[in-house]
Amino acid sequence: MSRTPAAHRPNLVPGAYRGVAVSDVTCELDEGSLAAHFVGLEAYRRTRFIVVRRGAQTAILSVQKASVEGGADPLFVPITAVNLLAGPQECAFVVRPDLDAAVPSMLARAALEEAPGRRGVVMQDGYGHISFIVDPAPLRLTVREVVPPHPAKLFDQTRRLLDVAEHLPPIELVAEVVDLAELARTHPAKAYLLPCRGGGVTVQGSTTWYLDQRPEHRAWTLLGCERSQQIHEWFYGERAEQVDTCPRRAGPTPGAVLTRCCLLEHEVLTEPGQVVVPWGATLAQVSEALERIVREWEPSWAPA
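First residue of the sequence shown: 1, per our numbering; consecutive thereafter.
Derived by calculation from the structure, the hints in this document are not laboratory data. Careful: at least some of the hints might be erroneous.
Stated by the list, open to error - With beta-carbon atoms standing in for the labels, derived distance ranges:
#1 112 / 76: 31 to 41 Å
#2 151 / 112: 16 to 26 Å
#3 249 / 45: 46 to 56 Å
#4 163 / 78: 37 to 47 Å
#5 149 / 284: 17 to 27 Å
#6 271 / 18: 31 to 41 Å
#7 205 / 267: 38 to 48 Å
#8 191 / 300: 51 to 61 Å
Computed from a prediction, not measured in an experiment: that's the story for all the values here. By construction, the Cβ of each residue, glycine as well, lies at the ideal position given by its N, Cα and C atoms.
Produce the complete structure using the sequences and hints provided.
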C-alpha cells in the first residue's frame, strides 16, 4: 500500500524527539539554500529531522543520509538530501513548559492553542525537548457523560491517559456533559427520584429522593437511566415516569464519541459513532476504549 508523502500527511510527528536536531543557520530558509548548507555535513545516526532557526524564523526539514556498506552503524553519517516540510512563512516556534513534546496530542494542543492556521508548529516543552507537528488535524473526540459528580470523571480519566499517550495519534478532547439539575429544570416536577445520593443533586423548589436509599414509594419523576428504571421496577413493582439521562443514547456528533453506560458490566463496546465503557470504568478500560477509537477512526496513522 502506498504511503502519503511525508510533507502532505496530516498529523506528521516524529516517532521520537531524539530524532529531531536543532540547527541555527545564517542562510535563507528555502529548500535550495538549506540543501546547499546541509548536504555533505554529518548528522547523528538517529537524526531524521532538523528544526532550523534563523533569528525568529523557523523551518522543518527531513533529511536523507548516505547508506553504509557492510551493515555498519557509525555514529555520524553524511547528509545526502533534505526535504522542506514547512517553511518559515508557515511555521511557528512555541514554548510550552506545561506540555510534553513526546506526546502527539500535546503537540496538537500547542498548535491549536498557540499557532492556529500554521502548517508546522515546533514546540519546546518543560523538559527543554523539542519536537514538531506538520499539518495538525487531531481527531475530535467528544467525551459524553452526566454530572455531578464534578469533575466529570470519564473526561478527566481520558485527559490523563492522553497526557502520557506517546503511541496514540493527536486527539482533541471535547467535553459534552449533561447536568442533572439543569435537566430537571427543563422537565418540571414536584418530586424527583435520583439514582444515588453520592451525586449530591438537589433540585431547588422540588423534593428530591434517592433510589439507593430505597425510600417509600411516592409519585415522582425518575431522573435516571434504564438501569435505574430496572432497579425502580425491582423495588416497587412498576416503572416510573422518567427523564432518561443515558449519555449513550444522545445520538451522533462530528468525530468520535466516548461515553459510558450502566447496562455494561465489564465489557467495552464499539457502536456506530462511539465507544462505550461501563459506568465506573477503570483506567485500563478507558485505555482500551481509546485504542478502539484509534483503530476505528485513525487506522492508518503512524508517527514518521
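Hint by hint, here is what the structure shows:
Range check, residue 112 to residue 76: about 37 Å between beta-carbon atoms, so the 31 to 41 Å window is met. Checked against the hint of 16 to 26 Å, the C-beta distance between residue 151 and residue 112 comes to roughly 22 Å, which is consistent with it. Remark: the range hint 46 to 56 Å for residue 249 to residue 45 is upheld by a beta-carbon distance near 54 Å. Take residue 163 and residue 78: their Cβ atoms lie about 39 Å apart, and the range 37 to 47 Å holds.
Judged by the Cβ atoms, the range 17 to 27 Å given for residue 149 and residue 284 holds: they are separated by roughly 21 Å. Range check, residue 271 to residue 18: about 39 Å between beta-carbon atoms, so the 31 to 41 Å window is met. At roughly 40 Å, the beta-carbon separation of residue 205 and residue 267 lies within the given 38 to 48 Å, and the hint holds. Distance hint for residue 191 and residue 300: a CB-CB separation of about 53 Å, consistent with the stated range 51 to 61 Å.
Against the hints set out earlier in the document, no violation occurs for any number.
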